[in-house]
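Undergrad: In the numbering used here, each residue's number is its place in the sequence shown (first place is 1) plus 65.
Please note that a few of the clues may not be correct.
Said to hold, decoys possible - Distance condition first, Cα-Cα at most 25 angstroms in a straight line; then the derived DSS-like pairs of lysine-lysine:
no.: 1; residue 1: Lys92; residue 2: Lys213
no.: 2; residue 1: Lys422; residue 2: Lys406
no.: 3; residue 1: Lys478; residue 2: Lys406
no.: 4; residue 1: Lys755; residue 2: Lys675
no.: 5; residue 1: Lys747; residue 2: Lys524
no.: 6; residue 1: Lys406; residue 2: Lys475
no.: 7; residue 1: Lys562; residue 2: Lys534
no.: 8; residue 1: Lys524; residue 2: Lys696
no.: 9; residue 1: Lys540; residue 2: Lys620
no.: 10; residue 1: Lys475; residue 2: Lys438
no.: 11; residue 1: Lys213; residue 2: Lys318
no.: 12; residue 1: Lys485; residue 2: Lys406
no.: 13; residue 1: Lys680; residue 2: Lys524
no.: 14; residue 1: Lys485; residue 2: Lys412
no.: 15; residue 1: Lys422; residue 2: Lys412
no.: 16; residue 1: Lys422; residue 2: Lys318
no.: 17; residue 1: Lys620; residue 2: Lys524
no.: 18; residue 1: Lys755; residue 2: Lys524
no.: 19; residue 1: Lys524; residue 2: Lys675
no.: 20; residue 1: Lys680; residue 2: Lys755
no.: 21; residue 1: Lys475; residue 2: Lys412
no.: 22; residue 1: Lys562; residue 2: Lys620
To be verified - Using C-beta positions, here's what the derived DEER-type ranges look like:
no.: 23; residue 1: Pro514; residue 2: Ile243; range: 37 to 45 angstroms
no.: 24; residue 1: Leu216; residue 2: Phe507; range: 55 to 63 angstroms
no.: 25; residue 1: Gly643; residue 2: Asn569; range: 20 to 28 angstroms
no.: 26; residue 1: Thr233; residue 2: Lys406; range: 50 to 58 angstroms
no.: 27; residue 1: Gly643; residue 2: Thr233; range: 52 to 60 angstroms
no.: 28; residue 1: Phe507; residue 2: Glu622; range: 55 to 63 angstroms
no.: 29; residue 1: Ile243; residue 2: Gly683; range: 28 to 36 angstroms
no.: 30; residue 1: Phe341; residue 2: Pro514; range: 48 to 56 angstroms
no.: 31; residue 1: Pro514; residue 2: Met699; range: 28 to 36 angstroms
no.: 32; residue 1: Ile203; residue 2: Arg102; range: 37 to 45 angstroms
no.: 33; residue 1: Asp244; residue 2: Ser90; range: 52 to 60 angstroms
no.: 34; residue 1: Pro514; residue 2: Phe206; range: 56 to 64 angstroms
no.: 35; residue 1: Gln576; residue 2: Glu622; range: 31 to 39 angstroms
no.: 36; residue 1: Arg245; residue 2: Gly643; range: 37 to 45 angstroms
Just so you know, these hints were derived from the structure itself, not from any lab. A virtual CB, placed ideally from N, CA and C, is assigned to each residue, including glycine.
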Amino acid sequence: MANDTKIFHESWYRIANEKLCLRSSVKVHRQLFRGARWYVLSDPFNNQFYRLRPEAYEFVIRLGLDRTVEEVWMEMISAAPESAPGQEEVINLLVQLYQSNLLHYEMPPDSAKLFDRYKNKKQRIMKSNLLNIMFFRIPLFDPDSFLKNILPLIRLIMNPLGAILWLTVVGSAIKIVIDRFAEVSVQTQGIINPSNLFLLYIAMLLVKTFHEFGHAFAVRRFGGEVHIIGVMFLLFSPVPYMDATAAWAFRNKWQRILVGAAGMITEIFVAALAVFVWANTSGGLLHSLAYNMMFVASLSTVVFNINPLLRYDGYYMLSDWLDIPNLHTKATQQLTHLVEKYAFGYKRSTSQAYSLKEAFWLAIFGVLSGIYKLIVFASIIFFIADRFLLAGIIMALICCITWIIVPLVKLIKYLSSSPKLERIRLRAITVVSILLLFVVGFFYYFPFPNSFRASGVLKASEYFVVNSKVSGYVKKIEIEPGSQVSAGQPLIILENKEIDLQINEAMASLQESYAMRQLALAERPEDLATVEARIQAIQTRLDRLQHDREELVVKAEISGVWVVGNVADYLGMWIRRGAPIGQIINESAYYFASVIPEVHTSRIFDNEVKRASVKLVGQADTEVPVFRYVKIPMEQTILPSAALGWKAGGDVPIDPNDAQGVHSTEPFYEVRAYLDNNNGMKMFHGRTGKIRFELTSEPLLRQWWRSFRQLVQKRYHY
Numbered sequence: 066m067a068n069d070t071k072i073f074h075e076s077w078y079r080i081a082n083e084k085l086c087l088r089s090s091v092k093v094h095r096q097l098f099r100g101a102r103w104y105v106l107s108d109p110f111n112n113q114f115y116r117l118r119p120e121a122y123e124f125v126i127r128l129g130l131d132r133t134v135e136e137v138w139m140e141m142i143s144a145a146p147e148s149a150p151g152q153e154e155v156i157n158l159l160v161q162l163y164q165s166n167l168l169h170y171e172m173p174p175d176s177a178k179l180f181d182r183y184k185n186k187k188q189r190i191m192k193s194n195l196l197n198i199m200f201f202r203i204p205l206f207d208p209d210s211f212l213k214n215i216l217p218l219i220r221l222i223m224n225p226l227g228a229i230l231w232l233t234v235v236g237s238a239i240k241i242v243i244d245r246f247a248e249v250s251v252q253t254q255g256i257i258n259p260s261n262l263f264l265l266y267i268a269m270l271l272v273k274t275f276h277e278f279g280h281a282f283a284v285r286r287f288g289g290e291v292h293i294i295g296v297m298f299l300l301f302s303p304v305p306y307m308d309a310t311a312a313w314a315f316r317n318k319w320q321r322i323l324v325g326a327a328g329m330i331t332e333i334f335v336a337a338l339a340v341f342v343w344a345n346t347s348g349g350l351l352h353s354l355a356y357n358m359m360f361v362a363s364l365s366t367v368v369f370n371i372n373p374l375l376r377y378d379g380y381y382m383l384s385d386w387l388d389i390p391n392l393h394t395k396a397t398q399q400l401t402h403l404v405e406k407y408a409f410g411y412k413r414s415t416s417q418a419y420s421l422k423e424a425f426w427l428a429i430f431g432v433l434s435g436i437y438k439l440i441v442f443a444s445i446i447f448f449i450a451d452r453f454l455l456a457g458i459i460m461a462l463i464c465c466i467t468w469i470i471v472p473l474v475k476l477i478k479y480l481s482s483s484p485k486l487e488r489i490r491l492r493a494i495t496v497v498s499i500l501l502l503f504v505v506g507f508f509y510y511f512p513f514p515n516s517f518r519a520s521g522v523l524k525a526s527e528y529f530v531v532n533s534k535v536s537g538y539v540k541k542i543e544i545e546p547g548s549q550v551s552a553g554q555p556l557i558i559l560e561n562k563e564i565d566l567q568i569n570e571a572m573a574s575l576q577e578s579y580a581m582r583q584l585a586l587a588e589r590p591e592d593l594a595t596v597e598a599r600i601q602a603i604q605t606r607l608d609r610l611q612h613d614r615e616e617l618v619v620k621a622e623i624s625g626v627w628v629v630g631n632v633a634d635y636l637g638m639w640i641r642r643g644a645p646i647g648q649i650i651n652e653s654a655y656y657f658a659s660v661i662p663e664v665h666t667s668r669i670f671d672n673e674v675k676r677a678s679v680k681l682v683g684q685a686d687t688e689v690p691v692f693r694y695v696k697i698p699m700e701q702t703i704l705p706s707a708a709l710g711w712k713a714g715g716d717v718p719i720d721p722n723d724a725q726g727v728h729s730t731e732p733f734y735e736v737r738a739y740l741d742n743n744n745g746m747k748m749f750h751g752r753t754g755k756i757r758f759e760l761t762s763e764p765l766l767r768q769w770w771r772s773f774r775q776l777v778q779k780r781y782h783y
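Kindly produce the complete structure, drawing on both the sequences and the hints.
TA: Now the structure itself:
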């Protein structure tokens, strides 16, 4: 597919009579990519690399200052007409070798016009750095002599014994983390506290320094050279970086992959050592620094380094594994090729892929990497804005300029002046205009389903929590759980001998008081009032004690189903006064108490709900329609059930200091939905689930804009 180029080219006359050759400093490395032989040209003085197919390499090595490009090309045509490169491919090849500064040439001004667009490479690199300000790089020094001096130590570390040591240390650290996972999780909550930010940055600086030297050691271990170590401003924070492009020249792709992985391998080893320090210290600066190093190493490895969709270690490892150098660039070029050839009708557009399968995966990679990059950068911007709002706004503006304004300007310039579109410019402009109009119309005018989900709990319309009105031991369970009971029917019998003793004592005191009253009537009338008061107090106490003895028989207050836990656990258990024992549930009607977050209150209160339905946990395949719902226009913070909170596995954040787990950290509104259970599905009081509200259809752009405004208002109170 990549060889589908023109044999003749209208600009050939400009280059045909020129004499060119490779620079004397260029080295050639033969490599195998997917079983095919390729050649990599490298110049150690400018650290530039370029990969050639065998046919192109045959052409390049024939170049010399004693023969013209035309002569070399004709020689190739005569020797191998089937595989010889066409004039268009030769021009593109020479241009790209010039861009990589690998050619020695003496050209008149007319020939140099072919290379005009490449003359400002340094300016473009600086411009790219300015646009990509969140990852700005500054080279500092050449570490190659230092690495050469410690090469024996590097070889001692990077060998099978070193791998065994690495596995032992990392495995032991993982076991410590698993054993103390609860402690590790709790400490994560304070990782972004202002008091910890300085330590977090120091940890990141240390971890990234080891990371970059891991790459440098691996390059040197396999015979490469490292000439650049510098500082990259990662989100305006300086961290080290190194240039490992020398690994391009390695013949063995697994060596190149190991170079890509060396930073993460070193980082994980450092994190493992930090685990040992953290586990064997308690509090203090060293303990906190070790934990921050653990956190930075794990987060950066998962989110950035190992992920191939960003241009970090995982990307280069995937590129080497697939034998597709410059994977991101080729994916972008492949997407451009698809647009130019099939949308604009530019038949001379050539694919960067060498098979249909590769073309497919290049296109998929290009799309996915763009989406993932957008998600990661948006998350970073919100993370920064949460701490430094002004910095977050500035970064958002820079990203808008970089990802919206600049590409739009480039698109306009491309459509208006690209030589490729000279004969098809009207079609290209028409296609782009129609596409833009379609996208705007599709997202701004076309109505889309508008719905949201909320957590909730199923409740019986009538239920009663059975509490113990007196303290006592459970003597007998009168009714088995799950049985239908009637109001007034005994459920549980308690036993409290202390009440019987107090009743006997009160009755004895009452008899004594009656005798004292008889004595007062006969001999001491002045004491009669006091004795009567004593009798009244004792009688009141006796009545209360007798009532408590009656309450030892726990009875049903309403009719319904008796629901209680494992009765075997209750027998002989001490039940304190007021403790809940079970519930009586009237199964005639249920409602679903849903918790509506503040971000959705305007949608539920200001819009018409077209339809609502509920899916319960354990019965997710059955949708229960709602025939009526009641909005309760009152802000609440007490959940209708602890099962909805984080502590019980729900998705509503709760106050960590609340032992009961029902106090939410954010206000919510309750909507009670009454269910139409025509399918006879079994209802269970207290079962959680999700309710789905379908609102009036609305264009996606309006929905997204509202969600964005709500997010900004919630996070920044603006």
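Undergrad: All the hints need checking, so say for each whether the structure fits it.
TA: Okay, the hints, checked on the actual structure:
no. : hint                                  : verdict
1   : Lys92 <-> Lys213                      : holds (20 angstroms)
2   : Lys422 <-> Lys406                     : holds (18 angstroms)
3   : Lys478 <-> Lys406                     : holds (19 angstroms)
4   : Lys755 <-> Lys675                     : holds (17 angstroms)
5   : Lys747 <-> Lys524                     : holds (13 angstroms)
6   : Lys406 <-> Lys475                     : holds (19 angstroms)
7   : Lys562 <-> Lys534                     : holds (16 angstroms)
8   : Lys524 <-> Lys696                     : holds (16 angstroms)
9   : Lys540 <-> Lys620                     : holds (14 angstroms)
10  : Lys475 <-> Lys438                     : holds (20 angstroms)
11  : Lys213 <-> Lys318                     : holds (23 angstroms)
12  : Lys485 <-> Lys406                     : holds (11 angstroms)
13  : Lys680 <-> Lys524                     : holds (14 angstroms)
14  : Lys485 <-> Lys412                     : holds (10 angstroms)
15  : Lys422 <-> Lys412                     : holds (21 angstroms)
16  : Lys422 <-> Lys318                     : holds (21 angstroms)
17  : Lys620 <-> Lys524                     : holds (22 angstroms)
18  : Lys755 <-> Lys524                     : holds (13 angstroms)
19  : Lys524 <-> Lys675                     : holds (23 angstroms)
20  : Lys680 <-> Lys755                     : holds (5 angstroms)
21  : Lys475 <-> Lys412                     : holds (22 angstroms)
22  : Lys562 <-> Lys620                     : holds (20 angstroms)
23  : Pro514 <-> Ile243: 37 to 45 angstroms : holds (43 angstroms)
24  : Leu216 <-> Phe507: 55 to 63 angstroms : holds (60 angstroms)
25  : Gly643 <-> Asn569: 20 to 28 angstroms : holds (26 angstroms)
26  : Thr233 <-> Lys406: 50 to 58 angstroms : holds (54 angstroms)
27  : Gly643 <-> Thr233: 52 to 60 angstroms : holds (57 angstroms)
28  : Phe507 <-> Glu622: 55 to 63 angstroms : holds (59 angstroms)
29  : Ile243 <-> Gly683: 28 to 36 angstroms : holds (30 angstroms)
30  : Phe341 <-> Pro514: 48 to 56 angstroms : holds (53 angstroms)
31  : Pro514 <-> Met699: 28 to 36 angstroms : holds (29 angstroms)
32  : Ile203 <-> Arg102: 37 to 45 angstroms : holds (39 angstroms)
33  : Asp244 <-> Ser90: 52 to 60 angstroms  : holds (56 angstroms)
34  : Pro514 <-> Phe206: 56 to 64 angstroms : holds (58 angstroms)
35  : Gln576 <-> Glu622: 31 to 39 angstroms : holds (36 angstroms)
36  : Arg245 <-> Gly643: 37 to 45 angstroms : holds (39 angstroms)
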